[in-house]
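Protein chains: 2
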Amino acid sequence: SPTLPTNKNFTKHCSLESGVWVTYKGGVYDITEFVAMHPGGNKILLAAGGALEPYWALYAVHQQDHVLEILSEYKIGVLDTESCQKQESTIPLDPYSAEPTRHPALQINSLKPPRVDPETYRLEIEGLPGGVVSLSLSELKSRFPKHTITATLQFAGNRRSEMNKVKQVKGLNWGIAAISNATWSGARLRDVLLSYGFGPEVAAKAKHVQFEGLDRDVTGTAYGASIPLNKAVSEEGDVLLAYEMNGEDLPPDHGYPVRVVVPGVVRARNVKWLGKIVVSDEESKSHWQQNDYKGFSPEDFKSAPAIQELPIQSAITHPAEGTSGDCSDREGTVKGYAWSGGGREVVRVDVSIDGGKTWHVAKLHTSDQEQHPAPPPPPGRAWAWKLWEIDVPIPHRAQELEIVCKAVDSSYNTQPDTVAPIWNLRGVRSNAWHRVQVKVSEGLKDQK
Amino acid sequence: SPTLPTNKNFTKHCSLESGVWVTYKGGVYDITEFVAMHPGGNKILLAAGGALEPYWALYAVHQQDHVLEILSEYKIGVLDTESCQKQESTIPLDPYSAEPTRHPALQINSLKPPRVDPETYRLEIEGLPGGVVSLSLSELKSRFPKHTITATLQFAGNRRSEMNKVKQVKGLNWGIAAISNATWSGARLRDVLLSYGFGPEVAAKAKHVQFEGLDRDVTGTAYGASIPLNKAVSEEGDVLLAYEMNGEDLPPDHGYPVRVVVPGVVRARNVKWLGKIVVSDEESKSHWQQNDYKGFSPEDFKSAPAIQELPIQSAITHPAEGTSGDCSDREGTVKGYAWSGGGREVVRVDVSIDGGKTWHVAKLHTSDQEQHPAPPPPPGRAWAWKLWEIDVPIPHRAQELEIVCKAVDSSYNTQPDTVAPIWNLRGVRSNAWHRVQVKVSEGLKDQK
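Chains as they are written, first to last, in the UniProt record's numbering: chain A, 1 to 448; chain B, 1 to 448.
Simulated from the structure, these hints should not be mistaken for lab results.
All of these numbers come straight from a predicted model, not from anything done at the bench.
A couple of the hints might just be wrong.
In this list, chains with the same sequence are indistinguishable; a pair is considered to hold if it fits within one copy or across any two.
[What the hints assert, rightly or not] Result set (DSS-like, lysine-lysine): computed pairs, CA atoms no more than 25 Å apart in a straight line: (1) Lys357 to Lys165; (2) Lys302 to Lys363; (3) Lys302 to Lys205; (4) Lys357 to Lys170; (5) Lys363 to Lys276.
Isolated chain A (complex conformation) (with noise of 0.2 Å):
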C-alpha cells in the first residue's frame, strides 16, 4: 500500500478506542492490532500517539530485523516535514549513554544496567521478626561466610526458535545460546534470613521470598520475581546473594554489585541489581512472575505454576545446523550441553546421526578444559551443567546426516521426542529433542 504523508493529527491516535498509532524515523504505523499480541504487554501504550525511539532506546530487545519486518507490516504513511522536525526536538537522549562499555561478543537484549554505587548501596529485607533491614555492600561481605557454587543459568525461551518453526510465538527468536556457566560466590540467602529471625514461625505464615532489582523500565517499575521459600531456607537450597562471578565483582550486566543466584531455577528469578527481599505469603506481583514465564498458553496463565525449576535440556553446540563437515576419516566429532532443573544431576546423554533411530552414548565431563574432575556433586544439588562429545562412525556413502542430542538426568526424565506437543505461545521450557542437519564433504580425502 502507498505511504501518505500524514500530519501532526497522529497524536491523536493514543487509544485502543481512537487506535494506536506510532512513529519510528519518520514512518507512521497504525498498531491497534498488535497491541494484543505485543510480548510485552501493555507498555506499548506508552508510545501511542508518539515515537518509539525513547521507548526502544532502554528496550534494546526491539533492535532488530525481525521486530522492524513487524513493524512495517502496520506502516500507513511518513510525517510531514513540519511534524517530523517538531518530533526530532523532543526525542530524549540515551540516558545510558555512560555506560561501561558492553563486550563487543554479547548479543545485548536486555536493558543497560543502573548504575549503582557500592558506597551507598543498600539491600533491605522486609518480612523477618526484627522490621525491616539494611545491609551495605561490606556487611554482607563480612557478616557471613562466602560460599561459592557453579551453576547454570538457563532463560526460559532458550530454544524458542525451534517452537517458531511449529507456529510463531510471542518473543525473540533464541536459539540454543540462552544458557551460561559461572562459578558464583557470595553470601548465602539463607544464613541472611536465619542471622534476621526467620525460624518456623515465620515458615508457618510465608511461602515465598520475593526479590525487588534496583533498575526500573520506562514506567519506573522494579523488576521483580519470587521463589518458594523452601528453595530460599533450605541447606541444600545454595541459593546465593551473589557478589562475585568467576572470582571477580559482578560485571554490570550481571548485576553489580549483588544479585541472586538460585541455583536449578530458571534465570527469570535469579534477579540482578538486587535493591529488595520480602519474604511473604504471596508470589512477587510483578508481570514476569504473573503473568509470563509461565510454560502453557495465556488462558492458562491463573492455573499454570510460575516456571521455577526447568526440565531436562541438551543441545548440539558442534557442528552447527547447515554446515558442511569434513569425514575424509569416517569419523566426526559432536559436543554440546546439557542441564536439567533442581539439581538434577545429567547423568546419560546420547547422540543419534540417523535422526534418533540408532543412538550412541556420548562422553560427559564438566568443563573444557578437566584436568582434575570434579567430584560428583551431593544428590539434588548438581548445579552446573555438562559439556559432552562423541566421535560417531560417519556411514559410506552418507551425503547428509540428521545429528539429534537426548539427554537423561537423575530422576531418569527424558527430553520429549518432538517440539510440538509441548509448543507454547510465549515458547517457553523448549526442550525436545534437539536436531541439526549437516552435509557430509570427503574433500581431504579425494585430495590425498
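Using the hints provided, position chain B relative to the given structure of chain A.
This is chain B only, laid out in the frame that chain A set:
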C-alpha cells in the same frame, strides 16, 4: 523335537560346564543357554540338576503362561518313571501353606510374606554414634510422633509391556497397574536417626541409608535397598517407618509390622518387613540396588545411578485397550492417573483422541471421592498421584480412536512421545505417552 525319556543322570547336568538341566512336572529341560537371560540372575543355578518346583513355589513370579512358554522351548525329554517317583518324594511342601489368605483380587508376584511376631519384633539401627540400636514395635510407636502422608508407590517396571512390544525385555509383562496410592502412618526416619545421635559428623562420612528386610529368599538372602542420606534425614523428605496403611496395621503383604515408605522414590526402595537400618558411606550391596532397577541396559549398570526418583508418568485407566465405547451422545469419558517422582506435583494432563495431533486439558483431582479438595502440598512434597478425567467430543463417523495422554509436572518435565528411544533391557522407567485404541459404537443412538 521329540521328547525322549531321560534317566536319572540328569542330576549330573548341574553347572554351566556340564550344561544346566532342570525338571518340571516330569519334563526335563536344558536351560544352559537361558541362564544368561534369566531376569533373576544366577539364582537359576540353584535348581540346576534338579526340580524347579520348590523354587517356583517361593518365587511366585514364575506362575504364569509366559514363563511356561519360555521353558517349553528348552524341553529335551521326560523323566523315566523311577526318577520321577524318586523326585516327587523329595520335593518340599509349600513352606508358607499356613500363611494368611491373600485377597483374591490381587495378582501376586512376590514371595509370600514372612510371618513376624509383633511381640518379639526388633528393628536394628547401625552406623550411628551410640552403637547398635534395637527397637521394639511398641517403642517405635510410643517414642516418636506419628506422622501421616499419602504417597504413591510405583514399581520400576510399571508399563513394561509397552517396551516388550518394541523388543523383548527381561521381566514380567506389567501393564499400567503396577502403581498404587495409600495413606501411610509411622515414625519419621529423620526423627529416629536424630534421636540416636545422627548429626553433621555422621553426615560428613555417610552418604546412604540402607534397609534390610526380614524376608529371606531360598538362598537365605534378605531383600535390601538404600536411599541417599539427604532424603532420609531431610525435614522435607517425609521418609516413614510406617506401621499403618490407610489407618490400620500394615497388612502382611505390605510389610507387617513395619515397612519403609520413601515418598517420591521407586517402590523397590520402600523395603517391607523392615529388620535393619544401616547408615553407611556405601549404597546397599544387594542385587536390587547394584544390578537391577537401573534405567539403562546392563552394559551401563556400573555407571548408571540406581533408580531413586522416577520420571513423570500418566496412564489411561478408562476406557481399556480394545474395548468398544458407546458414543451415542457424541461424548466419551476418559480417566486415568498421573504422578511424578521426587515430590513434583502433576500440574497438567493433556488427552488426545486423534493419536496426539490435537489435545484437550483434563480436570485433575486428588481422589475418587473428593468432597473437600485437599489443600495443595508444599512445593516438592506432592507425594500422591492425581486422578484425572475429561469428557471428549467424539468426531462424527469415527470408528476407531487412538486415545493418548501425557502429563506435565511442576518442573515442567514431560513424558517422551514414544517408547523405543527409552527402551532398556529390564523394561524400567517406561513412561512414554500412554496410548489406547478403542472402537466406537453407536448402538444406543440407532435404537432410539
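We went through each hint and held it up to the structure:
When the C-alpha separation of lysine 357 and lysine 165 is checked against a cutoff of 25 Å, the pair qualifies both within a copy, at 23 Å, and between copies, at 16 Å. Only between protomers do lysine 302 and lysine 363 lie at most 25 Å apart by alpha-carbon distance; the minimum there is 15 Å, versus 42 Å within a single protomer. For a Cα distance limit of 25 Å, the shortest separation of lysine 302 from lysine 205 inside one copy, 22 Å, qualifies, whereas the shortest one across copies, 46 Å, does not. Taking CA atoms no more than 25 Å apart as the test, lysine 357 paired with lysine 170 passes between copies only; the shortest distance there is 22 Å, against 33 Å inside one copy.
For the homomeric pair lysine 363 and lysine 276, neither the shortest alpha-carbon distance inside one copy (43 Å) nor that between copies (38 Å) is at most 25 Å.
When each numbered hint is compared with the structure, a violation occurs for hint 5 only.
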